[in-house]
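Participant: Top line first, the protein sequences correspond to chains A and B.
127 is the number that this note's numbering gives to position 127 of the first sequence; each next residue is one higher, with no gaps.
240 is the number that this note's numbering gives to position 240 of the second sequence; each next residue is one higher, with no gaps.
Check the hints yourself; a few may be wrong.
It does not matter which identical chain is used: a pair holds within one copy or between any two.
Restricting the straight-line Cα-Cα distance to at most 30 angstroms, the calculated cross-link-like pairs of lysine-lysine (DSS-like) are [unchecked claim]: (1) Lys189 to Lys150; (2) Lys189 to Lys207; (3) Lys122 to Lys47; (4) Lys207 to Lys46; (5) Lys313 to Lys110; (6) Lys313 to Lys119; (7) Lys46 to Lys122.
Simulated from the structure, these hints should not be mistaken for lab results.
Protein chains: 2
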Amino acid sequence: MCASALSKLRHVMFAVFLGLVAIGASLAGAQAQSDPLSSWTDGATKKSITDFVARVTTQGGADFVPAEQRIATFDNDGTLWTEQPYYFQLAFAFDRVKAMAPQHPEWKTKQPFKALLDKDMKALGASGEKGLLQIVAATHTGMTTEVFAKEVLDWMATARHPRFNRPYNSLVFQPMLELLAYLRANGFKTFIVSGGGIEFMRPWVEKAYGIPPEQVVGSSGVVKFELMKLAKVEFIDDGPGKPVGINRFIGRRPIFAFGNSDGDLQMLQWTTAGPGARFAGIVHHTDAEREYAYDRQSKIGKLDKALDEGKTKGWTVVDMKRDWKKVFAFEP
Amino acid sequence: MCASALSKLRHVMFAVFLGLVAIGASLAGAQAQSDPLSSWTDGATKKSITDFVARVTTQGGADFVPAEQRIATFDNDGTLWTEQPYYFQLAFAFDRVKAMAPQHPEWKTKQPFKALLDKDMKALGASGEKGLLQIVAATHTGMTTEVFAKEVLDWMATARHPRFNRPYNSLVFQPMLELLAYLRANGFKTFIVSGGGIEFMRPWVEKAYGIPPEQVVGSSGVVKFELMKLAKVEFIDDGPGKPVGINRFIGRRPIFAFGNSDGDLQMLQWTTAGPGARFAGIVHHTDAEREYAYDRQSKIGKLDKALDEGKTKGWTVVDMKRDWKKVFAFEP
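With these hints in hand, go ahead and build the complete structure from the sequences.
Facilitator: Here is the structure:
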């Protein structure tokens with residue numbers, strides 16, 4: 001075949017290809033209509049999400065946002081997975097202390113390690129924040145980031161949640177998995193912005209949430225060139241630290257953010273303070289039966305100011321019991 | 001049409017669609033064979049790039065790397081754009097001092113500002129690193145990140161490079177633009193890892209390089225919740241800081257990295273120290289006619305240790321004069 005005929009054939013084939021891509025896209029759209037958010041109860045909460053996505057993705061609409069600006073940020077603990085009876089990263093730290101104890105005979109007499117090994121929760125509580133930091137330092141520092149990542153994955157594969165008796169990473173919220181996938185199918189780029197440790201999350205979040213490590217913003221310890229984790233806090237990605245972390249890592253303001261506690265308030269404020277269409281969501285834990293019920297009085301994931309502000313400002317407050325047909329994928 | 005017939009039609013159409021996607025992909029491949037790296041001279045340098053990409057993208061090959069792990073990092077100054085006669089961010093700072101001078105009458109008598117305004121380069125040089133930091137502090141802090149971004153864009157639209165008399169962002173290297181696009185077409189995710197200021201780069205790199213702000217790692221000042229830039233250095237993303245920055249922002253080791261100076265040495269070392277196929281590239285500025293020629297003795301972009309190590313270890317050292325048919329897009 002002569003070159004020009006080949007070139008012409010290519011052009012024709014390419015036009016056919018583009019036409020079929022369009023058909024394929026509309027078929028995909030038809031499939032999507034089989035409800036990408038099937039674990040969400042039909043109602044105002046779900047509608048606030050689908051309405052927002054329709055507004056910012058409608059070409060030529062007043063609120064249209066180009067795909068590269070569709071940044072969506074999610075808190076992790078309590079928003080994407082359970083955070084009770086205490087943060088799972090803490091459960092990891094406690095389990096690491098137990099596993100490391102044979103190499104640390106001095107812990108038998110040294111607080112807060114003694115209390116933890118003796119399961120003396122009263123003494124452990126008495127060691128306070130200082131004790132907690134000692135436990136985190138002992139279990140989270142002094143190794144390379146690669147060794148630490150392996151420890152996290154090994155723990156995730158073997159440890160079990162005390163109430164559900166399942167791996168911790170199976171306690172991710174099914175409706176939120178659907179929401180993440182739905183946003184990505186609509187051109188959003190999804191990020192985690194969590195007060196949890198960045199090195200604790202990165203090894204497993206890609207598999208759990210489809211969010212790659214480079215889209216995780218979290219708190220961090222100081223790391224040196226050899227990528228040795230040092231016992232010095234570098235950045236606390238919580239409260240006012242969340243917009244700072246988003247600015248540092250992402251470099252643009254999200255148009256969509258989801259949290260569940262007062263630690264997410266500034267992220268939600270900053271997200272909604274930008275121009276154009278904005279979405280702020282709060283997971284309100286109202287379901288003691290399927291998960292947990294807590295808010296203003298809780299030590300973990302206290303939701304007080306953000307709940308009031310969310311109601312005043314018309315943010316989407318998810319009532320877990322009412323709005324989610326299914327909380328976890330493993331439910332019957 | 002009954003539902004099951006419709007469903008069947010959808011399945012058939014979808015199969016056709018998938019088939020045509022495959023044809024489209026191979027056509028795209030055929031188009032790519034019209035040379036995505038056309039500004040690169042045919043030879044060993046170019047071949048080292050295409051060979052590497054072929055190795056890591058060949059399904060079933062010994063060196064195959066899944067797309068999500070195809071992380072490629074690029075230094076910016078001197079690697080993606082020119083850095084002579086001095087870093088462009090410095091030119092920005094100098095121009096800002098001139099623009100801000102009417103609001104700062106005290107600068108008429110205060111060094112290093114006086115020297116800069118008097119164009120007294122000797123006195124400016126005498127003010128040393130301390131003077132430089134004063135200029136950076138005066139021009140880069142005390143405003144919000146959004147105001148600063150606008151200042152950068154305004155400057156980029158009006159300022160001209162002293163030798164080429166063109167906007168600074170037109171002094172991006174055409175062969176590197178082709179390389180970035182080629183890598184992305186092969187499933188790589190491209191990042192900038194630069195000693196330059198992260199807030200200085202983010203406003204313009206997406207348009208210039210197709211790299212979104214969230215894929216830029218750079219040095220940063222401290223930023224508070226109101227996203228006010230404070231006069232305190234937070235992170236220097238240079239030398240040993242580059243692997244630290246990559247770990248913090250990206251969270252995985254690149255398999256492909258490109259630099260041009262000793263400040264990139266640790267990034268190249270860390271990239272190549274991982275298992276499997278690895279690519280390290282160095283831009284050697286050897287073309288005084290079309291751009292600049294400098295290496296071991298240069299104050300800007302000194303290339304000495306990395307040049308020796310690159311030659312010893314078989315890294316790809318780009319000889320600009322020999323390997324690039326075209327340096328800038330505006331060349332005839």
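Participant: Hint by hint, say whether it matches the structure.
Facilitator: Checked hints:
1. Within a single copy, Lys189 and Lys150 get their C-alpha atoms as close as 27 angstroms, and across copies as close as 24 angstroms, so both meet the 30 angstroms cut-off.
2. With identical chains, the CA atoms of Lys189 and Lys207 are at most 30 angstroms apart both within one copy (16 angstroms) and between copies (18 angstroms).
3. When the C-alpha separation of Lys122 and Lys47 is checked against a cutoff of 30 angstroms, the pair qualifies neither within a copy, at 46 angstroms, nor between copies, at 66 angstroms.
4. Taking the closest pair of Cα atoms, Lys207 and Lys46 come within 30 angstroms of each other only inside a single copy of the chain (25 angstroms); across copies the shortest separation is 36 angstroms, beyond that limit.
5. In this homomeric assembly, Lys313 and Lys110 never come within 30 angstroms of each other (Cα to Cα): the closest approach is 49 angstroms inside a single copy and 50 angstroms across copies.
6. Within a single copy, Lys313 and Lys119 get their C-alpha atoms no closer than 44 angstroms, and across copies no closer than 54 angstroms, so neither meets the 30 angstroms cut-off.
7. In this assembly of identical chains, the alpha carbons of Lys46 and Lys122 never lie at most 30 angstroms apart, being 43 angstroms within a copy and 66 angstroms across copies at closest.
The structure is inconsistent with the numbered hints 3, 5, 6, 7, although it conforms to all the rest.
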